[in-house]
Amino acid sequence: MSDYRGTIEKRLDEGWRVGTLYASGETVRALLVSPHGATDLADEPVVDGHARSIVDIAPAAAWSEREAADLYGIRFDGHVPLRPLVDHDLDLTRWTVPVRGNDAYQVAVGPIHAGVIESGHFRFHVVGDRILHLDARLFYKHRGLERAAEGQSPDGGLAFAQRACAACAVSNSVAYAHAWEDALGIVPTPELARIRTVLLELERHWNHLNDIAAICAGVGFAAGNSRFAALTERARRLNESLTGHRFLFDSVSVGGNALSLTLAQVAQASKEIETICEESRAAWRQLLFNASFQDRLPDVGVVSTDDANRLGAVGPAARASGLADDVRTADRRLAYEGFEPVAPKRTAGDVQARIEQRAVELLQTVDILQALLDAPVAPCDAVSGDREAAIGIGRVEGPRGATVCVVERDGTRLERLRLHTGSYANWPVVAHAAAGTLLPDFPLINKSFELCYACADR
Amino acid sequence: MLTLLRDLRRLRRTISLPAPDRGRSLAIRHVDAGSCNGCEHELTLLSSPYHDLQRYGLGVVASPRHADLLLVTGAVTTRMREPLLTAYNAMPEPRRVAALGDCALGCAVLGLPGELAGRVEQVLPVNLRIPGCPPTPEAIAEALLAYIDETVERR
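In the order they appear, the protein sequences are chains P and Y. If you count by this note's numbering, then the first sequence holds residues 1 to 458, one letter each, in order. If you count by this note's numbering, then the second sequence holds residues 1 to 155, one letter each, in order.
Honestly, the hints are just simulated from the structure, not real lab data. Here the structure is a predicted model, which means the values were calculated and not measured. Idealized CB from N, CA, C, for every residue including glycine. Just so you know, not all the hints are guaranteed correct.
[Stated by the list, open to error] Here are the in silico distance ranges between beta carbons for each label pair:
#, chain 1, residue 1, chain 2, residue 2, range
1, P, Ala108, Y, Gly114, 23 to 29 Å
2, Y, Gly118, P, Gln268, 41 to 47 Å
3, Y, Ser63, P, Pro376, 47 to 53 Å
4, P, Asp89, Y, Asn89, 39 to 45 Å
5, Y, Tyr50, P, Asp381, 34 to 40 Å
6, P, Val80, Y, Glu93, 46 to 52 Å
7, Y, Arg65, P, Leu41, 50 to 56 Å
Please take these sequences and the hints and turn them into a complete structure.
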């Protein structure tokens with residue numbers, strides 16, 4: 001038996017993190033990622049339906065193990081209790097944490113929410129207004145995309161990764177394309193890297209504007225919500241003018257780029273981004289000088305640096321807690337030379353830190369876009385130049401954090417697809433952040449992460 | 001002020017505005033039955049200053065008990081089938097259902113057959129179909145307003 005747990009323990013001690021964990025045939029496979037972007041796979045054979053758990057050393061792998069247990073019937077020894085995640089057929093006591101004591105009761109919310117929100121169920125264990133514990137039951141939107149993609153060609157499988165989520169369509173698609181290119185031993189040319197980086201940053205651009213609007217909505221500040229919602233609309237119109245789709249659908253392909261943009265289009269886009277940026281600065285000032293809005297943000301939904309690391313937080317949420325974790329820092333397949341993650345002034349890990357993190361990252365995104373939108377874009381192809389492999393790995397920094405895609409192949413046939421998105425990684429962190437806070441603060445805490453349900457449920 | 005309002009009302013009567021402009025409203029309850037989040041993001045922007053659907057009397061209400069229209073997005077997953085039916089059964093008569101987006105209409109749906117209950121029409125009677133992947137806020141607004149006009153004219 002290989003030293004599965006030993007390898008993982010050693011890597012974690014060296015500062016590596018668990019990227020994802022999934023079942024593949026008779027194996028449980030964990031992907032480990034170094035702070036410099038190197039990756040390593042650790043395999044654990046499944047014997048008589050059993051495999052060893054790693055949740056005691058890597059709590060970040062908890063959801064992945066629970067998913068593998070539900071969908072592939074693997075029993076993880078040492079993962080006690082192994083609560084269902086995707087399986088909804090079990091009674092309440094099986095999937096909730098028992099909370100007992102004087103006056104403790106439950107508040108059930110969802111799966112259908114009061115506004116225009118995706119479907120998911122939250123079960124709050126409270127005393128009065130104080131949340132003692134939150135059990136989030138998602139996967140109401142589980143469409144079985146990973147399993148449905150099996151047997152597809154590289155191009156055929158792309159739709160499954162992309163349509164997992166509209167808000168992260170480019171991140172998921174580029175992670176998928178990188179995974180296949182890694183497996184096929186091909187590398188992007190600088191031109192291909194440039195256009196993909198532009199698309200990724202356009203996605204981050206509208207998402208960050210949308211997320212700031214969502215936080216305003218979370219505290220009921222209609223003026224701020226309206227201004228940032230209007231900017232989100234402009235950003236989506238910009239997407240449409242460049243790629244023909246407001247969510248940039250079908251703009252990414254495996255092994256190349258089919259998009260072409262004239263110099264005039266690129267120049268106009270650059271100008272529009274500048275205008276949106278100026279207006280967002282003005283809108284941000286309005287937020288800064290609104291005392292009743294600012295009062296709602298600090299010390300709410302705090303996630304410490306240790307907890308962020310332990311629970312596997314990624315993206316702006318992790319950086320707001322003081323983790324300098326950003327896939328763009330060490331990316332070799334995209335145009336992020338010299339990129340450094342913005343370090344927040346205040347790493348308090350609260351709602352305020354998370355909204356401020358988005359505001360500063362938005363400026364960084366504008367800078368990257370302005371620098372890269374300096375030449376027309378023409379269709380181009382990736383070139384061979386790397387070793388082929390049976391398993392390809394793609395990692396991309398999406399608007400909500402690292403999106404990991406693993407492709408296992410048989411020739412050019414997709415054998416196993418694993419898509420571990422930023423939202424999937426961060427949902428357990430939301431539940432953790434909610435504990436100890438007040439029930440009426442939950443919408444705000446939730447909005448400060450602004451995670452997709454679709455990305456997590458797949 | 002009151003005089004002004006009365007004059008305005010008289011003016012409206014005398015110049016005979018088209019029927020729908022004389023007063024229409026629609027209370028909408030949205031249910032995400034398994035979408036990719038695209039339809040939700042476009043629906044959210046319907047209340048942004050660019051579209052501001054409330055000015056036409058269209059609003060999203062918190063409970064299906066207050067709704068005239070159930071606006072369903074996504075191909076219905078097996079896990080959302082029951083909640084969708086519960087929401088529909090909670091609505092007062094007359095109740096209408098709109099299927100929003102290509103997935104809800106059953107076009108090019110991705111996923112495992114075992115995890116999906118099918119397009120909205122296989123679960124509920126559908127009165128209004130709004131295609132698109134996702135439909136733009138303009139397309140959603142146009143479809144909803146045209147639907148109200150049609151319903152008012154039939155009355």
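Violations among the numbered hints, reported as their numbers in ascending order: 4
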